[in-house]
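UniProt numbering puts the sequence shown at residues 1 to 877.
It should be emphasised that the hints constitute simulated quantities derived from the structure, not laboratory data.
Hints should not be assumed to be uniformly reliable.
Said to hold, decoys possible - Once the Cα atoms are required to be at most 30 Å apart in a straight line, the calculated BS3-like pairs of lysine-lysine come out as: (1) K555 / K519; (2) K555 / K491; (3) K396 / K507; (4) K507 / K519; (5) K507 / K409.
What the hints assert, rightly or not - Using C-beta positions, here's what the derived DEER-type ranges look like: (6) A113 / A169: 29 to 37 Å; (7) G456 / A481: 14 to 22 Å; (8) R33 / L234: 30 to 38 Å.
Note that the Cβ used here is the ideal one computed from N, Cα and C, for glycine as well.
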Amino acid sequence: MTDDGEHTVMAASHKGTLRQYRVPSLCDMRSPRNVVVVGHGMVGHRFVEALRSRDSAGEWRVTVLAEEADAAYDRVGLTSYTEHWDRAQLALPGNAYPGDALVETRLGSPVTAIDRTVKSVMTAAGDRVDYDALVLATGSYAFVPPVPGRDLPACHVYRTLDDLDAIRASAQRAVDGGTPVGVVIGGGLLGLEAANALRSFGLQAHVVEMAPRLMAQQLDEAGGALLGRMIGDLGITVHTGVGTENIAPAQRNRPVRRSADNDSVRVTLSDGTFIDTGVVVFAAGVRPRDELARDAGLAVAERGGVLTDLSCTTTDPNIYAVGEVAAIEGRCYGLVGPGYTSAEVVADRLLGGEAEFPEADMSTKLKLLGVDVASFGDAMGTAPDCLEVAINDAVKQTYAKLVLSDDAKTLLGGILVGDASAYGVLRPMVGEQLPGDALALIAPAGSEGGGGLGVGALPAAAQICSCNNVTKGDLTEAIAAGCCDVADLKKCTLAGTSCGSCAPLLKQLLEAEGVEQSKALCEHFSHSRAELFEIITATSIRTFSGLIERFGTGKGCDICKPAVASILASTSSDHILDGEQASLQDSNDHFLANIQKNGSYSIVPRVPGGDITPEQLILIGEIARDFDLYTKITGGQRIDMFGARVDQLPEIWRRLVEGGMESGHAYGKALRTVKSCVGSDWCRYGQQDSVQMAINLELRYRGLRAPHKIKMGVSGCARECAEARGKDVGVIATETGWNLYVGGNGGMTPKHAQLLASDLDDETLVRYIDRFLMFYIRTADRLQRTAPWVESLEGGLDHLRDVICNDSLGLADEFEAAIARHIEGYACEWKGVLEDPEKLSRFVSFVNAPDVADPTVEFTQRSGRKVPIGLPKVPQK
Numbered sequence: 001m002t003d004d005g006e007h008t009v010m011a012a013s014h015k016g017t018l019r020q021y022r023v024p025s026l027c028d029m030r031s032p033r034n035v036v037v038v039g040h041g042m043v044g045h046r047f048v049e050a051l052r053s054r055d056s057a058g059e060w061r062v063t064v065l066a067e068e069a070d071a072a073y074d075r076v077g078l079t080s081y082t083e084h085w086d087r088a089q090l091a092l093p094g095n096a097y098p099g100d101a102l103v104e105t106r107l108g109s110p111v112t113a114i115d116r117t118v119k120s121v122m123t124a125a126g127d128r129v130d131y132d133a134l135v136l137a138t139g140s141y142a143f144v145p146p147v148p149g150r151d152l153p154a155c156h157v158y159r160t161l162d163d164l165d166a167i168r169a170s171a172q173r174a175v176d177g178g179t180p181v182g183v184v185i186g187g188g189l190l191g192l193e194a195a196n197a198l199r200s201f202g203l204q205a206h207v208v209e210m211a212p213r214l215m216a217q218q219l220d221e222a223g224g225a226l227l228g229r230m231i232g233d234l235g236i237t238v239h240t241g242v243g244t245e246n247i248a249p250a251q252r253n254r255p256v257r258r259s260a261d262n263d264s265v266r267v268t269l270s271d272g273t274f275i276d277t278g279v280v281v282f283a284a285g286v287r288p289r290d291e292l293a294r295d296a297g298l299a300v301a302e303r304g305g306v307l308t309d310l311s312c313t314t315t316d317p318n319i320y321a322v323g324e325v326a327a328i329e330g331r332c333y334g335l336v337g338p339g340y341t342s343a344e345v346v347a348d349r350l351l352g353g354e355a356e357f358p359e360a361d362m363s364t365k366l367k368l369l370g371v372d373v374a375s376f377g378d379a380m381g382t383a384p385d386c387l388e389v390a391i392n393d394a395v396k397q398t399y400a401k402l403v404l405s406d407d408a409k410t411l412l413g414g415i416l417v418g419d420a421s422a423y424g425v426l427r428p429m430v431g432e433q434l435p436g437d438a439l440a441l442i443a444p445a446g447s448e449g450g451g452g453l454g455v456g457a458l459p460a461a462a463q464i465c466s467c468n469n470v471t472k473g474d475l476t477e478a479i480a481a482g483c484c485d486v487a488d489l490k491k492c493t494l495a496g497t498s499c500g501s502c503a504p505l506l507k508q509l510l511e512a513e514g515v516e517q518s519k520a521l522c523e524h525f526s527h528s529r530a531e532l533f534e535i536i537t538a539t540s541i542r543t544f545s546g547l548i549e550r551f552g553t554g555k556g557c558d559i560c561k562p563a564v565a566s567i568l569a570s571t572s573s574d575h576i577l578d579g580e581q582a583s584l585q586d587s588n589d590h591f592l593a594n595i596q597k598n599g600s601y602s603i604v605p606r607v608p609g610g611d612i613t614p615e616q617l618i619l620i621g622e623i624a625r626d627f628d629l630y631t632k633i634t635g636g637q638r639i640d641m642f643g644a645r646v647d648q649l650p651e652i653w654r655r656l657v658e659g660g661m662e663s664g665h666a667y668g669k670a671l672r673t674v675k676s677c678v679g680s681d682w683c684r685y686g687q688q689d690s691v692q693m694a695i696n697l698e699l700r701y702r703g704l705r706a707p708h709k710i711k712m713g714v715s716g717c718a719r720e721c722a723e724a725r726g727k728d729v730g731v732i733a734t735e736t737g738w739n740l741y742v743g744g745n746g747g748m749t750p751k752h753a754q755l756l757a758s759d760l761d762d763e764t765l766v767r768y769i770d771r772f773l774m775f776y777i778r779t780a781d782r783l784q785r786t787a788p789w790v791e792s793l794e795g796g797l798d799h800l801r802d803v804i805c806n807d808s809l810g811l812a813d814e815f816e817a818a819i820a821r822h823i824e825g826y827a828c829e830w831k832g833v834l835e836d837p838e839k840l841s842r843f844v845s846f847v848n849a850p851d852v853a854d855p856t857v858e859f860t861q862r863s864g865r866k867v868p869i870g871l872p873k874v875p876q877k
């Protein structure tokens, strides 16, 4: 305790280090001081989280004043918004600070002025908010060069969610108006992401870059040249070494479809060429949002940004700056990692700490349009007398360069294009002495001297997660303290929770530290699901009892029984209710119907590709009327009927089967639907017959059992009306064939599918899907959807592409033969029940006995039908 009655405590930070904090004595207790945060981007949110997680004494009350109407979202992943148009998916976790009475967030409340004299800020709505400390987290704005015509309606910037909404609307007008072309001014990271977005809207994208190469700030001449070739191969036209002279309304020398709000323009380049386009996106860099600081008289750096010292304090000791607006000792940092570090520094300072901004890690690892790009350390080789080692493989389209000290012993930086798999190990080694030959670090695996190093070779001080400043030493300490898997490490250290690029290293480190990762399916089997699949295939065991007797222990459980049942169904055409296998099924498969929350069941006949006859529509309507069922058209282009009793299921299905319909497998871990648009038969934009392809795929894979449900979609053009990239298998028509996407899922953690192969003919497309499905079925974990399965593969999508397209495992023929056997042996499961009296006998229950209504179920009206809601009647007194 100090002389004035205060005392200090030692508190653990989020990384486990001890820090000393001042805690007022009881006689000195007072109301929390007010810190106002201007801006609620990623860095502003990180500051609030850091302060509140450390301020256990409640010293500070936080008021966040945000200009945007959206709370903090993942601006790094901004382009993914174009894949789903769901703002909630980009929201940063905890951005509403639920249950925290010391944080108030005001969205859509921009600050217009700072009054340093009375320590308050004024908002656009006229509110005055007082502060004891002010944190400027205003970020940057998109720079628009002074090009004539930059204010035309077709011109946009690429910075916020609202910007992307506006670009999408403009792109739609361009397509409808007959000018399906988009131009991006700027060939840096944002420019290439914008080009990808325009391409996804169905536009022919052009990228205009004044520098002689793309990504000039991150890549050297050789790396930029390779990236340009690879981007060009993807159908994006690249213009380098030219500027933009003028933008003007397009000249109309030919008839075009033109609507009243068509905004098409002509972009004239400095070399005299021009591009007629419907959309122009400026992605020519950013500038700090420092206008508030300038107006308030705070010092700004020569090139913009609020000038701060290493504590992130401005020339006013009560005002701090973090993120892109902060010019720390005169330098602005445009990456999220340094921004997060500045937020942590200010949070520490407000609580009495002495943290300072360290040397920033400017490394970046990206996947642009499916192309890996990474740069780290002194990538451009600016250090005196440095050496460079490079491998440029034009055939494989890979480029790797390391920058070394003059004695070739210390790694200073590097560049990777085409294959960035070595980034995770190389970046933490910057500034460290090399453990071996530099060339071996970037030589392809399998080549002489190639193969690289593992994470185990890194020193303890190597920074594994630059976003959250987590070193290998921090991680090994967490492992020693009991963290035994990647999820534990993320929770304990925050590593891998921001951009996620370091997540593969966490798993490697666990293995390097000797932490064995259990693959056991459950307590009764020490094998993984994939291993059990191989055992069943190799031994021809066809019963659960035979499998557990030979390879397991005990009697089984609710985990292993359905999993083994699924494997048995995937490896034969036996009916799932035959013999012992019937007892393994979960409740849905047990009755071949989805049980609803009120105890009733749903009926879902198959409608391949959404294609249905009038007679089938009438049949469904008559059944729903006769059995008093609630009907619902689903997102998968089928008609569900809800409210059937168990004993009613056979009669309903008898009528459906007699009417030519079959089970839709909505109850099973199997193919559910193949959604389609109307395709080239009806749509004026259709490029291929998506309806017929969807029908063919659904009939090919119907009944195929898998670790989890499978959904597919086929779109007839890039407008993507079938939402194919939200499916496990997505097919999108091109002018010359089909693009194949894989690994898209809905659910709790939605993922968009990734491009596996382009411009495939019908035969190759089906062959690749055969291989993909069988590889997934054989190797995925229990209840693992395709998206996490692809992520879990060593090598990810690249490895998957090698297996599927290049047959790197030599299993392609086996995969295709397995699908052929499935097709040959397929039979409608409900038809099999109707033909077997023994199977039919199970469709009764004690509660829902035939022709007996359950007196405990009350009915209510919904959409004109009686639907059981499962509420017991209250006895009348």
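Ascending list of hint numbers which this structure does not respect: 2 and 8
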